[in-house]
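> Note that the protein sequences, when read in sequence, are chains A and B. Residues in the first sequence are numbered consecutively from 1, following this note's numbering. Residues in the second sequence are numbered consecutively from 1, following this note's numbering.
Just so you know, these hints were derived from the structure itself, not from any lab. Since the model is a prediction, treat every value here as computed from it, not as a measurement. Built from N, CA and C at the ideal position, the CB exists for glycine as well.
Sample of chain A residues facing chain B (criterion: CB under 10 Å; computed from the structure): (1) Ala-31; (2) Gln-37; (3) Gln-41; (4) Glu-44; (5) Phe-45; (6) Asp-56; (7) Ser-58; (8) Gly-59; (9) Cys-92; (10) Gly-99; (11) Gln-103; (12) Phe-107; (13) Gly-108.
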Amino acid sequence: GAGVSQSPSNKVTEKGKDVELRCDPISGHTALYWYRQRLGQGLEFLIYFQGNSAPDKSGLPSDRFSAERTGESVSTLTIQRTQQEDSAVYLCASSHNPGRGHQPQHFGDGTRLSIL
Amino acid sequence: DAKTTQPNSMESNEEEPVHLPCNHSTISGTDYIHWYRQLPSQGPEYVIHGLTSNVNNRMASLAIAEDRKSSTLILHRATLRDAAVYYCILCGGSNYKLTFGKGTLLTVNP
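The shape of chain A in the complex, shown without the other chains (with noise of 0.2 Å):
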């Protein structure tokens, strides 16, 4: 079937500009999670969705991240005036619902966003 699906897979823009970043879980998964990962480094957690509410954004790293969920389907992480550090690979996931026991979480491909 289909898997956790991310667009676009690349972006390259200047520093200033705001990126948005699309995620399309797979079909009925009720979370939906964003990672981010350096190069060279491990997964840093950003935000989680349960439904279309996010009770964890405790990792966004700045008020410049944002991120929407709707039709509890598709998300939107989206980055204001971006900075040169932001350059990384934005990954999403999604699962079957954390509260009901442990649930493997299915990646996306991610995408990777650099800076100029």
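Given the structure of chain A, go ahead and fit chain B onto it with the hints provided.
The following block gives chain B in isolation, referenced to the frame of chain A:
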């Protein structure tokens, strides 16, 4: 968060078994042991998870020590497509945050 310790790298030959170790001496009673792997230029891929008993699936086996302070991911016959970074992660209760460390870089020789 309880931490895991893995070797930085390991090598294997194609079609031979691979045993990837993970130490987690501070594991708590509610922590599950998860394994993910990440191939180059791809997102992480779930491999297997367990709590106390050994687990098998189509990808791998997970052997968990009786005291749960260590575990081993077993790939029964390594292929070139198994070359990846393997991450051992502890995740407690209904916790959803996966904390990825440096993992083990597995190289598979033809």
